[in-house]
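K.L.:
Residues per chain, in single letters:
Protein chains: 2
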Amino acid sequence: MQINLQLIPFPPNPVFLSDRVVVVIDVLRSTSVMTHAMSQGASEIIPVATVEEAFQMAKAFPKGSIILGGERESKKIPGFDLGNSPKEYVAEKVKGKKLILTTTNGTRAFHLVSIGREILVGSFLNIGAITQRCLELDKDLLIFLSGNEGNFSLEDTICGGMLIELITREKKKSISLTDASYCAQILYQRFQNKLLEAFHLSDHGKGLIQRGFEEDLFFCSQINVTNIVPIFREGVIKI
Amino acid sequence: MQINLQLIPFPPNPVFLSDRVVVVIDVLRSTSVMTHAMSQGASEIIPVATVEEAFQMAKAFPKGSIILGGERESKKIPGFDLGNSPKEYVAEKVKGKKLILTTTNGTRAFHLVSIGREILVGSFLNIGAITQRCLELDKDLLIFLSGNEGNFSLEDTICGGMLIELITREKKKSISLTDASYCAQILYQRFQNKLLEAFHLSDHGKGLIQRGFEEDLFFCSQINVTNIVPIFREGVIKI
Chain A
1 MQINLQLIPF
11 PPNPVFLSDR
21 VVVVIDVLRS
31 TSVMTHAMSQ
41 GASEIIPVAT
51 VEEAFQMAKA
61 FPKGSIILGG
71 ERESKKIPGF
81 DLGNSPKEYV
91 AEKVKGKKLI
101 LTTTNGTRAF
111 HLVSIGREIL
121 VGSFLNIGAI
131 TQRCLELDKD
141 LLIFLSGNEG
151 NFSLEDTICG
161 GMLIELITRE
171 KKKSISLTDA
181 SYCAQILYQR
191 FQNKLLEAFH
201 LSDHGKGLIQ
211 RGFEEDLFFC
221 SQINVTNIVP
231 IFREGVIKI
Chain B
1001 MQINLQLIPF
1011 PPNPVFLSDR
1021 VVVVIDVLRS
1031 TSVMTHAMSQ
1041 GASEIIPVAT
1051 VEEAFQMAKA
1061 FPKGSIILGG
1071 ERESKKIPGF
1081 DLGNSPKEYV
1091 AEKVKGKKLI
1101 LTTTNGTRAF
1111 HLVSIGREIL
1121 VGSFLNIGAI
1131 TQRCLELDKD
1141 LLIFLSGNEG
1151 NFSLEDTICG
1161 GMLIELITRE
1171 KKKSISLTDA
1181 SYCAQILYQR
1191 FQNKLLEAFH
1201 LSDHGKGLIQ
1211 RGFEEDLFFC
1221 SQINVTNIVP
1231 IFREGVIKI
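From first to last, the protein sequence lines are chains A and B.
Everything in the first sequence is counted per the numbering used here, starting at 1 for the first residue and increasing by one.
Everything in the second sequence is counted per the numbering used here, starting at 1001 for the first residue and increasing by one.
Since the hints were made in silico from the structure, they are not lab data.
Pair ranges (Cβ atoms, derived):
hint	chain 1	residue 1	chain 2	residue 2	range
1	A	111	B	1078	40 to 46 Å
2	A	60	B	1050	49 to 55 Å
3	B	1173	A	210	18 to 24 Å
Straight-line alpha carbon distances no greater than 20 Å define the calculated DMTMM-like cross-link-like pairs of lysine to aspartate or glutamate that follow:
hint	chain 1	residue 1	chain 2	residue 2
4	A	75	A	214
5	B	1087	B	1044
6	B	1173	A	203
7	A	87	A	214
8	A	173	B	1203
9	A	87	A	73
Note that the structure is a prediction, hence the values are computed from the model and not measured.
Note that beta-carbon positions come from the ideal geometry of N, C-alpha and C, so glycine has one too.
Okay, chain A solo, but in the shape it has when bound (with noise of 0.2 Å):
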């Protein structure tokens, strides 16, 4: 298994994409909020790359089905039900929902490697999960890091490198490493256990704390409270 990262959010070559597996990560917060959200019993997850979007894919649902989240500048978009914080997508709320979801980076994110053979929702709340998904499919893996408006990303990394440490774990042979994937997986083992201090170093941690979001810094780096693989296939994100 070769294992690939892409430390910037730039479009990937599509001929490398067709026959990989593709982890797309986003910690804050966006694949957090996903990977809750169905968690908590969302039917589904559309994501799409603008507020225009959101607004217009509603109208095609009955109402009360679907519930609109995201942010702009890490806020809830007015006429939205909800906004960006993971705890915000409790059952009381997504159970049975269809969620258009519309996010700075993350969104976008799942569109740059759409043609990837499996394209899977990572983050620390379900990155155990992720890794045994990886190992059964026993492909070459794409991990997409969706960055901080089209920059590097600390706690992406570190949560890819995490992946990459616990894939390198299980299965000890016949894994290749390019030099990006090794990049991660030593920030990883610089922060493992510390995941909070990645965060408060980061642009975007601080940037949420200075927004009033610290909070979601905790949610966010919680490892393995959900078993829970979300796939992102023909536009629409499912168990």
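Guided by the hints, dock chain B onto chain A, whose structure is given.
P.N.:
Relative to chain A, chain B alone:
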């Protein structure tokens, strides 16, 4: 002082560049070659993007005053005087000569950052001198890594991380780091005193070994063998 570091060699935002000191790093091997050639008495270096450009430019100077150097696929270019191994650039060959250099990653990088306030040529060979110059200039810094054919490069990032570590040690207060700067610093801390181990892990290092250039890895891993600080200005590198 704010220190940013670009992990992937895409063109930086010009607005962001105009008042920054830029340090270009291509450890394996072009900025190591440049640093060593200048320390051996080359009068100046003209980095050019293509082989054709190199031949064309050579015509503008008297025979015997110039040296053509560089590589494609790590190997010396047919018709050129020297390849891209730093050890070839000895005083007997380069003293008092203009060097026209074209390499896959490094020479292109200089043109991408050419509007920076001051553009320095960095490598492990002169890392202490580069540190001192950055401290004297006391401006915001962009460390620009040449990468490996457009991809992230472990060895360049470690060298950038060493520069950050040394600057931070000397000037403890008022340094602000980005996520990418923290990443590089942590990679350096992981591999300090073990640079060759990192070079052997890296894609580019492995490629050079396969092509018979293992000695260059040792050469380029030497720290502070010269105090010169080559500067790129108006298309030419001089001390």
